[in-house]
Every structure is written in C-alpha cells, then in structure tokens.
Amino acid sequence: MADHDISETPHACPSCPSPEAAPAPSRRSFLMSMGASGLAVTGGGLIPRGQAQAAAPAAAEAQVPATAVPLAPGEQTVNLVVNGAKRSVNVPPNAVLLDVVREKLGLTGTKKGCDHGQCGACTLHVNGTAVNSCLSLAVMHDGDEITTIEGLAQDGTLHPVQEAFWAHDAYQCGYCTSGQMMSAVAILKDARIGRDDASVREAMSGNICRCGAYKNILAAVQSARTNMPKVS
Amino acid sequence: MRHFEYSRAGDVGQAVANHAAMQNTAFLAGGTTLLDLMKIDVMRPAAVVDINRVALKQIESLPDGRVRIGALVSNTDLARHAKVVADYPVLAEALLSGATTQLRNKATTGGNVMQRVRCNYFRDGVSPCNKRTPGSGCAAVGGINRSVHAVLGTSKSCIASHPSDMCVAMAAIGATVTVQGPKGTRDIAFADFHLLPSDTPEKEHALMADEMITHVTLDAPLAGAKSAYFKLRDRASYQFALASSAIIIRLEGGVIKQARIALGGVGTKPWRATEAEAQLVGQRPTPALFEAAAAAAFKTAVAQTHNAYKIPLGQQAIVRNLSTLVA
Numbered sequence: 001m002a003d004h005d006i007s008e009t010p011h012a013c014p015s016c017p018s019p020e021a022a023p024a025p026s027r028r029s030f031l032m033s034m035g036a037s038g039l040a041v042t043g044g045g046l047i048p049r050g051q052a053q054a055a056a057p058a059a060a061e062a063q064v065p066a067t068a069v070p071l072a073p074g075e076q077t078v079n080l081v082v083n084g085a086k087r088s089v090n091v092p093p094n095a096v097l098l099d100v101v102r103e104k105l106g107l108t109g110t111k112k113g114c115d116h117g118q119c120g121a122c123t124l125h126v127n128g129t130a131v132n133s134c135l136s137l138a139v140m141h142d143g144d145e146i147t148t149i150e151g152l153a154q155d156g157t158l159h160p161v162q163e164a165f166w167a168h169d170a171y172q173c174g175y176c177t178s179g180q181m182m183s184a185v186a187i188l189k190d191a192r193i194g195r196d197d198a199s200v201r202e203a204m205s206g207n208i209c210r211c212g213a214y215k216n217i218l219a220a221v222q223s224a225r226t227n228m229p230k231v232s
Numbered sequence: 001m002r003h004f005e006y007s008r009a010g011d012v013g014q015a016v017a018n019h020a021a022m023q024n025t026a027f028l029a030g031g032t033t034l035l036d037l038m039k040i041d042v043m044r045p046a047a048v049v050d051i052n053r054v055a056l057k058q059i060e061s062l063p064d065g066r067v068r069i070g071a072l073v074s075n076t077d078l079a080r081h082a083k084v085v086a087d088y089p090v091l092a093e094a095l096l097s098g099a100t101t102q103l104r105n106k107a108t109t110g111g112n113v114m115q116r117v118r119c120n121y122f123r124d125g126v127s128p129c130n131k132r133t134p135g136s137g138c139a140a141v142g143g144i145n146r147s148v149h150a151v152l153g154t155s156k157s158c159i160a161s162h163p164s165d166m167c168v169a170m171a172a173i174g175a176t177v178t179v180q181g182p183k184g185t186r187d188i189a190f191a192d193f194h195l196l197p198s199d200t201p202e203k204e205h206a207l208m209a210d211e212m213i214t215h216v217t218l219d220a221p222l223a224g225a226k227s228a229y230f231k232l233r234d235r236a237s238y239q240f241a242l243a244s245s246a247i248i249i250r251l252e253g254g255v256i257k258q259a260r261i262a263l264g265g266v267g268t269k270p271w272r273a274t275e276a277e278a279q280l281v282g283q284r285p286t287p288a289l290f291e292a293a294a295a296a297a298f299k300t301a302v303a304q305t306h307n308a309y310k311i312p313l314g315q316q317a318i319v320r321n322l323s324t325l326v327a
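Protein chains in written order, with the working numbering: chain W, 1 to 232; chain E, 1 to 327.
So that you can see chain E by itself, here it is in the shape it has in the complex (with noise of 0.2 Å):
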C-alpha cells in the first residue's frame, strides 16, 4: 500500500476540515472497501480522515415514524436491531445476505452507501477502464461480463452493476441521505443519491466536494405491508447478486393497495423497478399478474456478451418474491 497522511477525527465538523485541507482524500470508515482497492492500487488517496470515533453509530425511531439510522452504524448492528428486525425485514435480510459476519461487522452503513463495483476491469488496475481512468474505454464491454455487470442502466462508458445489497432493500424502502460539508448540511433522496454512469461513469454519487454522508434515514414502515428481500448467485453464501428483489407488499381485501419493488445484481445502480409496481397496483395477486410486471421491470433491459440470462433471471427474482410473499 502506497504511502498517505493519516488524520483522525473527532467530530463531523473536524472531518469535513480535514478533507478539505488536502486534494485526493478519503474518509476510511470500516475500510472494507478502501483499504481493499488502496492495496491493488486502485485507489490512491494522498490523505486519509479516520472517521470512525465520530458519534454516527446511532439508530433512532424519529416523531414521524422515519428511522434514522448513523453512517458508522456497523452492517452487522443494523440487521440485528429490534426496530429493523420488526418494521423492515427485506432491511435485515438484505443485509445478512451480504458478505460474511466479519465484514458484516466492520462494514458501515455510509460506507455500503459508498460500495465501490465488483467490476474485474475496474479492480485490475491495467484494463480500460472509464471508471478509474475517464477516457479510457470499458473493457467489460465485449470482455468477460458474466456476473457482476448489470442489464439495466448501462452505457458504452460503464456495465458494471451495483454491488451492494443493503442499497437495494433502502431503494425499495425509500429513503434519505444526509451528507455534511464545508457549507452546511442537506439531504439527498436515495433515490437520486447514485448516479447512472451516463458518459461519465466516474462520477458515482451526488456527493459534492469533501461532504461526508452523516445519516441515513428510512422513510416510516407502510402499515400492514409484508417484505423480503430474495437473492440469486453462484454459491449459498458470501457472494454478490447475480439477480436479487427486495419487494415491499400491502394487501387489502385481495387487492394490492401497495407494492415498490427494487433489484439487485442487474443495474448500475440500485434499481427502483417503478414500471413492475404500477402494474401490480389495484390488482387481485396471480402468477400472470407477477410474471407481466416482472417483464415490466426489464422492459428496457439491454444484454452485454454473457448476461443475457440475467433478464429473466431477474424477473424470476420478482415472481418468486412476490409469491412467497402473498402466499
């Protein structure tokens, strides 16, 4: 690992300073990310701010029902707690479905925000790649994109898919992201928190210079809904999405009053699938009705070389989910 200036801080405030004194720094949290690329080289911060004896390793239940959940808030501590067991379990299972228990425990819920692609090209350090290098080309475009490139919003910049699961079940879910800076705090909606690669895949988040993700708050729990997050991939365990759902269900009466469904594994970024919950909404439950708005979902899907059969994979993601669930 190359060489860099190591600070730490102790508050928000100190954090933000430190970042904004130098060019090229990172904020190190859990590290499972960071130090991973900072060790192949593909990220090279001159300096690093530790901001992990901030006080962000709270979650507290807000006045209108949201919950607000502290960036430093471990994986680990988030899928476990009583209130996200209770009123968001697509949150928890999403959660434990990713990594293992010692990543899970140091992983932080900022940084699964901030979780950097899977992408081989990406993380070899020589390949084109626009991501690292702008300008350079995309090697996964026509190269070996089996798993970890996505269906849905790609571009000829960037395939690479999304990694985390956690983002998935919070699309699904809606909510928050507060970030601080050098001029103040804002919210962003998560919805727009994660950018398209677009023709500058290099830019991945709404994140404006030295501003550091704070919180992230959950919109409240819908009343009376049911939710489960369901992910396929090449073994059991401790591995990432070829396709995953997290789908958030209220019925009434045998109507579909609500449904937000988001995916995992098939887009570049975690994936809201809008077009599949409108066609499910006001509708009595029937395999036809899932199969329709799964196929919804992936109207505008675009296959690479070798992931074609991510689109109806993804949309078997959806109907098994959805029939589990209102079953």
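So that you can see chain W by itself, here it is in the shape it has in the complex (with noise of 0.2 Å):
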C-alpha cells in the first residue's frame, strides 16, 4: 500500500525551508536514489520484513510527478492546503495522514514513531489544533489546512519555538523535536492552557523524548512564551 511509496514530489512545497528541498545532496536524497531495492538489502530495518519484495517495485515506478499519476482504483484525490500551499494527493482511504504527508507530499520533518498516537514524534496541526497524525486518515481531511514543522519558519526566519529549542538545547537525537515544536506552538496559542511549569509539563505529556531532554524542553517553550506573534 501507499505506506511504502516513495513521494511522488518529494521537494515540490515552494515555501519549504527544509534543507530537504534544498537542490543540494542531502542524506535523504542520498538514500532515495539508491532505491529501495538497495534498501532492503543494506537497511532492512527501513522496509518492515515481508513487504521489501512488493515495495521495490512500487517505488521505482513512483518517480512519476503526481500530475502523471492516474486516480487507481479504490483511490480518491484529497485537497489539502499544506503550509500554505493547495496541495493535491490521489490516495486510498487507508492511507495515513502521517504517511501520506512524509511520503506523498515530501514533508518528512513528521516523524513516525510509534505510530500509535503514544510518543507524539507525528504531531502537526489540522485547521491550527495539535493531532497525532499517525491515527487520522487522509481522506477525513479533504479541505482541511495542515501545517507541519515545515511551515513554521516565514521567509527564512525561524518560528520563535524553533528559536528556544536552539537556544536551550532542547533536544539531543532530535527526532521528536519537530512533534515537541509543533505541541508547543499550539499549547502557547491556546490561553486555555495555564502559563505555570505544571501546566506546560502536563499539556506536552504526549510528546516523548527518549533522551530525556525534558528540563530544556521546558524552558525552551516558557522562553518561546514572549516572542510568540500576537496575532495567530
């Protein structure tokens, strides 16, 4: 299934930061133009066992640009605005929100990792809330805005999160950090939410952090608290 497609437009966000879109070679792109046969045989823990064989081909065929891509039986076409941008994807209606944001749209700064809505690392926000995109559809968002961590950052300058989490150390690994980031912007919009340590540690609850990163976690978003915009 889509799950294990590689994007179709892997870099086509016009207002993506990311240095993944940057034309330069990157890790990722590295590893994309390998193929995912050459995957399965050297990083067998990226294809999950038993679905190596049906992915190879699948994603060779998948450099295709989505505008060549014909609607496949069982697939519908689901409009998303994407950090802005109107996004179109022909999907089928077990594809995960998750998935099809990393995989269908490029965006891989969304990082799947328990896929299961109990670590957080997947959360983005749908119409401005924070949700675990790994337990959504994406067909359930037709017409619905989405932002990643891609989107947070406005004409090369970062969002104000991603600043603190910079300026403490809010990370090791880094590979919740763009789920830490992205609760946090929305946990700092919502005046329902309290402004105390407690308040803050409770509402980031979802978001794990293995490496335990949790003390300058928090002081990065206390300090991202006075330079958020004022109008959202």
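No wet-lab data here; the hints were simulated from the structure.
Being a predicted model, the structure only gives us computed values, none of them experimental.
Worth double-checking, as some hints may not be accurate.
What the hints assert, rightly or not - Here are a few chain W residues that face chain E, going by a calculated C-beta distance under 8 Å:
id: 1; residue: Ser183
id: 2; residue: Arg192
id: 3; residue: Ser205
All C-beta atoms in this analysis are idealised placements derived from N, C-alpha and C, irrespective of residue type, glycine included.
Each of the two chains sits in its own frame; use the hints to bring them together as a complex.
In structure tokens:
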C-alpha cells in the first residue's frame, strides 16, 4: 500500500525552508537515489520484513510526477492546504495522514515514532489544532489546512519556538523535536492552558523524548512564550 | 492496515443508512481507538463511515437545566467549556486527566463512550480473548492482570477494566445517551449503556444494529454540590487509571444530603458505587464514615492474580477524594 511508496513529488513545497528542499545532496536524497531495493539489502529495518519485495517495484514507478498519476482503483483525491500551499494527493482510504505527509508530500520533518498515538513524534496541526497524524486517515482531511514543522519558519526566519529550542539545546537526537515544537506552538497559542510549568509539562506530556531532554524543552517553551506572534 | 470501503456522511440519517448498507461497518469519529485497533488488526471493519462532517459539535443548555453534548464535541472542547467548568468540575477534571493534549483534541464524546478496553490479551491479536474471539477463553484470568483489569463486575469470561475517565464522571453525574438508528431515535440511561461482561463480553453496550450515538445529555447539576475527580496511576500523566473516583457531594448544616460516587480503573464498566453513597447520606462527614463507605463500595470485589492491591487503592481513592471535598 501507499505506506511504502517513495514520494511522487518529493520537494515540491514552494515555501518549504527545509534543507531537504535544497538541490544540494542530502542524506535523504542519497538514500532515495539508491532505490528501495538497495535499502532492502543494506538497511532491512527501513522496510518491514515481507514487504520489501513488494515495495521495490512500487518505489521505482513512483518517480513519476503526481500530475501524471491517474486515480488508481479505490483511490480518491484529497485536497489539502499544506503550509499555505494547495496540494492534491490521490490516496486509498487506508492511507494514514502521517504517511501521506511524509511519503506523498515529501515533508519528512514530521516523524513516525510509535504509529499509535503514544509518542507524539507525528504531531502536526489540522486547522490550527495539534493532533497525532498517525491516528488520522488522509481522506478524513479533504479541505483541511495542515501545518507541519516545515511551515513554522516564515521567509527564512525561524519561528520563536524553533529559536528557543535552539537557544536552550532542547534536544539530543532530535527525532521527537518536530513533534515537540508543533505541540509547543499550539500550547502557547491556547489561552485555556495554564502558563505555569506544571500546566506546560502536563500539556506537553503527549510528546515523549527518549533522550530525556524535558528540562530544556520546558525551558524553551516557557522562554518562547514572550516572543510568540501576537496574531495567529 | 487492511483495505476497507470508505464513505463520508453529511448528516445522521446518511451515516446510519451508510452503516446499514454493508455488514461489518464502523463509524469513524476521532479515530483514536478505531484506527489504533485497525492498525493492529484487532478491529477489521469492511467499511468505515466517516461522521466527522455531521453537525454534532454543539454543547447546549436545555430549559430543564440539563446539558446536551453533541457526539462529536472533542474531549478538549468539552473539558474547557465554560458551563462544564462551572457546573461539572468532576467532568472537566476527568477529561483532562485522560490521554494527552493531541489525543483529547481528536477524541470525541461519543467515541470516548465507545472506547475499547486496554487489556493486552485483547490487543495482542493472538491470545484467547472472548471479547475479540467469542468462545476462545480469557488469557487475562490467571495471566498478567495488574494494571488494566478489574475487581468489580468481572466474570470468568472477561476481567478487563473499562478505560475511560470521562465515563466515570458521567456515571456519577447521571446522563442519557441518545442514539439514532434505522428505526429512529431513542434514549438510553447512561447506567444501562455499558454492559457487564457476564458470559458475552463481546457485547459491550446497549446499541442495536446500525445505531449511532448522537448526544450525551448530562443530568442537571446538583445545586450547592461540590465535585472532583481523583485518579491514581503508574505515572503522573498520560496513563490509564489504576483506580479513580468521581464524587459529587452536597452538605447542608454539616450533614451529607446527597452523594454520588463512581469508580474508574476497578470496574468492567464505569462503576457507580450506590452502596457507598447510601452509607454517606444523612451522616456527618468523618474519616470513619468515609472508610465505611469505601469498604461498602468494594464489598463484592474479587481480586485477580496481580491486582488485589486495587481493592485498598480504590478505597483510598474514595476516602481521599471525599476528605478533600469536605475539608
């Protein structure tokens, strides 16, 4: 299924400031250029066992741009506004929003951790509300506005929450960081959530950090509070 | 995740019709239970009816003092609603003690009522489980049953505890579940909605074929009462209750006039402790009275291999909550 397709339009987001959108070689573009069959041999963990063989030809075909891909049987078109840009994707009903964002839209800043709503790595905003994208179907979101970590920075300027995470060293390995930041941005915009440390810790408890950077994450969130954009 | 037919309903009538059009169909609201269980292949609907566009996101005050909640009101919006915060603090506290910010943003009122159990043997897809595969047995009886298994309302067929915090508060408040199906709408008392496992644990609720929850209506708040939710768990946040209590109490002239107590984490359904309530009414609050009420609540409790601690823990959840409320 679509879970293991390589992106049809990997870097098409026009306002995406992610380094992955740059033409320079990156780890991801290098890995993608190897092809899924190479990954299956050298990095078996990247493709679930038993699906590697099925995924390889699908990945090769998926190099075709999205506009040339006809609606396959059982698929439907979902129109989204992703980080301010209109995007359309053809997906089967069982395509999960997280997988579509990463693999169809090429926005790989949103991470897959537990895939069951328990870790928060996949947190993004749907119409301004933070949700676990691993527990949503893409077809549920036709017409919705999606904001991912790639949409936080504006015109090359980092969002105050991104600045604060940098300044406070609020990460170690970084895998949970985009989810942490997306939760932080939503929490700081929500006047119903208390401003004290205990309230912030509770509100951020859906984002697990295995490195244990919680102390610095809390410091970053609280310091970003004073720099948040007044109108959101 | 397996393939399934997907349809999106614009109103309740269409949702029910779509649901009735195929066998083995599921309504999809927030998806936090359904999609989780579909990913691990425990729920395998052939068709899914997405009801997120149905206009059931209102919270309304009714003329008789009750509050009617649309089935699609999110757990976050319900917990933060001014009327709920002011008149039903026990419900706001219960909601905010459950899950995480992101999950509460997705999870709905109707969906939370329909939440499935967290028993590992139900979720693992292979162990004997009468809920998942009727007649296959119960691996939790005699298995690992420390945290998400009950001491009240169990049977030899199933001992899984009901996981919801919201439902515990609703059981204390008193509520009505309104459902709509092919034959029209009807009301089900909240206390009658969830079923004890008995020898048919696969039947968890009073819904008939193709019926959908449209509203949950809270009984009018008790004037002059105080209420609170007290939850004990393995960690301070984002964990299911080992034991919890939702308590509403009204004193007049130093005497307890009304008391409503419901328990979470210890029962196979949201557990109304009427025996404990009866101990309290007409009495002056004392520590000894609270302990007697707590003991009455667990009089019929049956401990499993690893969860005997839930009997004193559940009693303490009652005593502590009462003590704080009358202090």
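message: Let's test the interface hint: is any C-beta of chain E closer than 8 Å to that of serine 183 of chain W?
response: holds, 7 Å
message: Quick check on the hint: arginine 192 of chain W CB to chain E CB, less than 8 Å?
response: For arginine 192 of chain W, the interface hint holds, since the closest Cβ of chain E sits about 5 Å away, which is under 8 Å.
field: Given hint serine 205 of chain W near chain E, where the shortest CB pair must fall under 8 Å
entry: Holds - the Cβ of serine 205 of chain W comes within 8 Å of chain E, reaching about 4 Å at its closest.
The structure meets every hint from the earlier list without exception.
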